[in-house]
Each structure stands twice: as structure tokens, then as C-alpha cells.
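Given only the sequences and the hints, what does the whole structure look like? Please build it.
The residues making up each chain are set out below.
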Amino acid sequence: MIPFITSGVSSFLNGSVFPVLLAAGGIIYFGWTYYRANKIANRNRKEVQQDIINRATIVLPKKDYYVACAGSKDTEACTKVSAIDIQQCNFCDSNGKPLDLSLYNCYVVYGDSMKYAGINDNDFILVPKDFNLDSLKSFPEILVIRYREQNENKPLFKVRRAWYSGSIEDDLVKAAQSIMEMPKFNRLTQQEGYKGAEWMIRDLLEKRLVDFKHKYFKGGECQDQYKDIVISTTFDTVKKEIHFSIHPTILIVGNVEESYNVKS
Amino acid sequence: MTPEAIHTKVVPSLQAALWTIALFIGTVSFQSIGDPVLVKLMSVFIIFLVFVWESAIMFLDIKNANPGKNFDGEVLGINSRLFFIIPIPFIVGVLYYTYPELNILFYLLLPIMGWIKWEYSSFANNIHLHFVDIKPTFIPNKIND
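Line order of the protein sequences matches chains A and B. Quick note on the numbering used here: the first sequence kicks off at 58 and runs consecutively. Quick note on the numbering used here: the second sequence kicks off at 20 and runs consecutively.
Source of the hints: derived by calculation from the structure; they are not laboratory data. Worth double-checking, as some hints may not be accurate.
Claimed, not checked - Lysine-lysine pairs mimicking DSS-like chemistry, simulated, CA-CA at most 27 Å apart:
hint, chain 1, residue 1, chain 2, residue 2
1, A, K103, B, K28
2, A, K186, B, K154
3, A, K252, B, K161
4, A, K241, A, K275
5, A, K172, B, K28
6, A, K119, B, K154
Said to hold, decoys possible - If you want the ones that stay clear, here's a sample from chain A, every Cβ over 12 Å from chain B, calculated:
hint, residue
7, M58
8, V66
9, N147
10, D187
11, F188
12, D191
13, Y204
14, N208
15, R218
16, Y251
17, G253
18, K264
19, K272
20, G276
21, Q282
22, K284
Please read all numbers here as calculations on a predicted model, not as lab measurements. Every residue gets a Cβ at the ideal spot worked out from N, C-alpha and C, and that includes glycine.
So this is what it looks like as C-alpha cells:
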């Protein structure tokens, strides 16, 4: 029996099957171990990277940004607010491509009056540095506008959704009616605070236009630099009403290209 | 198996296994191949496989030891270049097998293999230049709808 086993083992070890089996076994061990190690390494990388991102808003350096008011300026909002340095993050466009942040000015929104336009309190909004008024061809467009009166420790900018661009000498009733016929405006009429077309026009003529004339007219005439205007809407979060506003285009800083919800 | 164990134990084991398999296949296969042209080509082929798998082990090790880093897009560019370089020794090898009297083709294979080894080593030694820190990434809200 033993010589039989010994001769069998000896012929197996000296044959060609043994080295093939050894090589195949080695390759299987190599492949299987590599596969398991790679899987564990990839899982660990995912966990480590997610942890970095989760902690990032606490440990990232901060920077001051101008506040853009979405609501009344007479609030607790300041001129600037401290928030995470956007250069330490990736901000993507709607296609997922990272933006070149050096081409934008960043503002932090204060207030909720732009919520129907998708912009909320504490959102980061990016406004191209090379904004040109001529690029405003289609409406509505979300704009950052400078306040005419710059008060110390108060916001210098506001954000509004503009629907019309023209002159203060235009027929504002026609302008308002053309705005209210737009499909996107129709969605606004479903929201809380919309008080009807007649109310909107009456408010525009009796309140907003009067305010505009008070600020920008001299001797019954509009000063030349304030004649070009945009008409915007905003949601007054205190009175809970949507109304028009009139702004001279000379105070427009730029259009909001993207808005981001950033926890910091 | 932990990431620490991968770096300290598994990677060296894979390196050892790879070279042992290569040596084993080389020495065993050479016993039964009588054709000298085939012997030369088998040697080159085995070394080629070792290069490729060594690179894979290297990349696994670096990936594992640097979990907080991503790699920039240029890494893909380097891999694409390797993709075009890799068939060259195969083509030259087939030509040498077809025309065995042209020894120059075999001599050409040697610097080509050296070039491939340089590409892999250069990639490994410079991979730290392709690290990208993980940054929080934000997707825009839908606005103006």
C-alpha cells in the first residue's frame, strides 16, 4: 500500500499536472486576494472621503461675503456675513461641471422673499463679474441690485426677480399686464400672497411708482441716469403679499447665475 | 483584512506571489519549449505581465494608503497613453515569430520593454503630483422656475 501511494505521489510530483496546478493555484490566490484588497480599499476610501466632507463645514476657513437682502432692509441683517471660503469647495453648474469661481462674485442671501424663485435664506448666490446690461434679453431674470441709500452696517444689495426691462416713461400698466401673461408668472399666482391682477397693478401705480418718483424725480422729471428701469416682483414676508417693484438699471450689479444651499 | 494590513502584509504578499508565479511559469515552460524564438518571446511576455501586475499592485497600495485623496484627470490621460503603448511589444513579438531570422526585431523588443518599465515606474514615482484634495461639492438649486 505505502509503496503504491509513494509511487503515485512521486509520479504526480514529477508530472506536468502538478506544476500546472501550482501555477493555477497561485494565479487564483493572487487574483482573489487582489480583488478582496481592492474592495476593502475602495470602501475605506469612500468612508474617509465622506467623513472629510461631513466635517468640512466645521473646519474650513471662513471668509466675509456681502449680504444680498431678499426682503426688507430694516432687519437684523448686516453688510457682510462670515461663511465658508468658497475657494475651498467645488461649486458645480447644473451639468455637474465645476465652475471657475474667480469669474464670480458671491453673496449670501438674507431673507425668504425670493423663495418662490428657488432662493432661500442663507443661500450662496453667484453673480458673474463681467455682467453687461445688454445680456439681459430674456425674462424673468434674478438680479442683484444695489440699494440707492447705503447705510452703515446694513445690507448694500438686494436680490429680486425682474420681469421687464424698459423706461419709466413706458406704459407701466401695459408692462404689468405683459408680465402677468407670462407662463412663469402664472405659477406665481398659485402661491400665498398673490392678491390678484388688479391689486398688483393698483399697488404698482399707487405705491411703487410714487416711491420711485419720490426717490429719483427732480422738479417733476426723472433724472436721466434713472430712466432705464426693470420691474421686479418680491414676496413681502411681513405683510405676506407679492408685489411689483421698480428699479433703475444703473443700480443692477448682475444676474444670479446659480444659487446653492450651503450649511456653514 | 484592514487597510493597514493591506499596506503592510497583503501588498508584499501579492508582490511575492506575482514574482513566484512568473519565475515558476518561466522556468517550467522553458523546460518544454524547444523553439528558441518561442523561449525568447515567452520570457518577454512573462516580464511584460509582471510589469502590468506590478503597476496594478502599486496603484492598489497608493489608493489604499491615501484614502483622503482623489486623482486628477491627467491620471486617465497617462493610462490612455499606456493603452496605446502596450500593443507595441505584441506586434513586434508576432513579427519576430513570423521572421525569426530578423534578430533585430528581438533586440528592438528589449528597449521597448525598457520604455514600458520606465512609463510604469515614472507613473508610480510621480503619482503624488496627481493627488487632488477632497473638497465639499455643491450642486445648484433650481432657480427662476
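Evaluation of the provided hints:
The suggested pairing of K103(A) with K28(B) holds, with an alpha-carbon distance near 22 Å, which does not exceed 27 Å. A distance of roughly 24 Å separates the Cα atoms of K186(A) and K154(B); the hinted pair therefore holds under the 27 Å criterion. Annotation: proposed proximity of K252(A) to K161(B) holds, straight-line Cα distance about 25 Å (limit 27 Å). With a CA separation close to 36 Å, the supplied pair K241(A) and K275(A) exceeds the 27 Å bound.
Taking the CA atoms of K172(A) and K28(B), the gap is near 56 Å; set against the 27 Å cutoff, the hint is violated. Restraint check for K119(A) and K154(B): the C-alpha separation of about 15 Å stays at or below 27 Å, so the hint holds. With a least CB separation of 31 Å from chain B, M58(A) remains clear of the 12 Å interface cut-off, as annotated. The claim that V66(A) is not at the interface with chain B holds, since no C-beta of that chain comes within 12 Å of its own (minimum 19 Å).
The beta carbon of N147(A) is not kept farther than 12 Å from every beta carbon of chain B, the shortest such distance being approximately 4 Å. The Cβ of D187(A) sits about 19 Å from the closest Cβ of chain B, beyond the 12 Å cut-off, so the non-interface label holds. Chain B leaves F188(A) outside its interface by the beta-carbon criterion, the shortest separation being 16 Å against a cut-off of 12 Å. Residue placement check: D191(A) keeps its beta carbon more than 12 Å from all beta carbons of chain B (closest about 19 Å).
With a minimum CB-CB distance of about 22 Å to chain B, Y204(A) clears the 12 Å threshold, and the non-interface call stands. The Cβ of N208(A) sits about 28 Å from the closest Cβ of chain B, beyond the 12 Å cut-off, so the non-interface label holds. Its beta-carbon lying about 7 Å from the closest one in chain B, R218(A) breaks the requirement of being farther than 12 Å from that chain. Every Cβ of chain B is farther than 12 Å from the Cβ of Y251(A); the closest lies at roughly 16 Å, confirming the non-interface assignment.
With 12 Å as the threshold on Cβ separation, the claim that G253(A) sits away from chain B holds: the shortest Cβ distance comes to roughly 22 Å. No beta-carbon of chain B is positioned within 12 Å of the beta-carbon of K264(A); the least distance is around 25 Å. With 12 Å as the threshold on Cβ separation, the claim that K272(A) sits away from chain B holds: the shortest Cβ distance comes to roughly 27 Å. No beta-carbon of chain B comes within 12 Å of the beta-carbon of G276(A); the shortest separation is about 38 Å.
Look at Q282(A): its CB is around 28 Å from the nearest CB on chain B, clear of 12 Å, so calling it non-interface holds up. Even its closest Cβ contact with chain B, about 26 Å, leaves K284(A) beyond 12 Å, as expected for a residue assigned away from the interface.
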